[in-house]
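All chains, please: the whole structure from these sequences, using the hints.
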Amino acid sequence: EAQVTQNPRYLITVTGKKLTVTCSQNMNHEYMSWYRQDPGLGLRQIYYSMNVEVTDKGDVPEGYKVSRKEKRNFPLILESPSPNQTSLYFCASSPRTGAYNEQFFGPGTRLTVL
Amino acid sequence: AQSVTQLDSHVSVSEGTPVLLRCNYSSSYSPSLFWYVQHPNKGLQLLLKYTSAATLVKGINGFEAEFKKSETSFHLTKPSAHMSDAAEYFCVVSFPGANNLFFGTGTRLTVIP
Chain A
8 EAQVTQNPRY LITVTGKKLT VTCSQNMNHE YMSWYRQDPG LGLRQIYYSM
58 NVEVTDKGDV PEGYKVSRKE KRNFPLILES PSPNQTSLYF CASSPRTGAY
108 NEQFFGPGTR LTVL
Chain B
17 AQSVTQLDSH VSVSEGTPVL LRCNYSSSYS PSLFWYVQHP NKGLQLLLKY
67 TSAATLVKGI NGFEAEFKKS ETSFHLTKPS AHMSDAAEYF CVVSFPGANN
117 LFFGTGTRLT VIP
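Chains A and B are the protein sequences, given in the same order.
In the numbering used here, each number is its position in the first sequence, counted from 1, plus 7.
In the numbering used here, each number is its position in the second sequence, counted from 1, plus 16.
Don't read these hints as lab results, they were simulated from the structure.
Mimicking DSS-like on lysine-lysine, the simulated pairs with C-alpha atoms at most 27 Å apart in a straight line are: (1) K58(B) / K72(A); (2) K64(A) / K25(A); (3) K25(A) / K58(B); (4) K84(B) / K74(B); (5) K78(A) / K58(B); (6) K78(A) / K65(B); (7) K24(A) / K64(A); (8) K76(A) / K64(A); (9) K65(B) / K64(A); (10) K58(B) / K64(A).
From the structure, some residues in chain A lie toward chain B, with a derived Cβ separation under 8 Å: (11) S40; (12) G47; (13) L48; (14) G49; (15) L50; (16) Y55; (17) M57; (18) G65; (19) F97; (20) E109; (21) Q110; (22) F112; (23) G113; (24) P114; (25) G115.
Per the computed footprint, the stretches of chain B lying under chain A, defined by three or more beta-carbons under 8 Å from a beta-carbon of chain A, are: (26) 55-69; (27) 108-122.
Quantities reported herein were computed from a predicted structural model and do not represent experimental measurements.
Where a beta carbon is used, it is the ideal one built from N, C-alpha and C, also for glycine.
Set out below in structure tokens:
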């Protein structure tokens, strides 16, 4: 089944403890992206990647890192999480960049930073 | 500047009555427009998309949307609401040359039995 998977789905952690949220897609998509969703703000893009080893900042990149060593994986790294990073995170992928392409979303990761 | 605005944060309708979720965009360019739906505790699913072909776009589950360039709008409609339509709906815009999508802030649809 074609899908985007994220792990973990739920995570509670403490300030400053490094964490990684994994994202994987099995559709051979070139484009991958991370979003955070906060009440009243919709989805805001954190980072995106147009292909292996090509990443760029979205609208809210501060406090996050990403890497794209393989086409299928796009992990999101929080080196020193803070409470304002408590949010619902979505990974998405798309066949290619460009205005017409639908993005396929993972199920989401709910992160709480205490 | 390019942006997308969903005019209502919450819409409530009775089952069997029409649904109208409003979306306006601001752009100097011809955009691609999408509506996504998010059911509780789920990811986002594409309902429909407009990419410069027919201005009336039909999507899944009986939804449709009409692109009106003169009004810079892309409102989502459905003739008869079903209980399973209760969800959050996002209007999303992409612009030529852009590598990302612009999301509206979402409209929560409640369907009253």
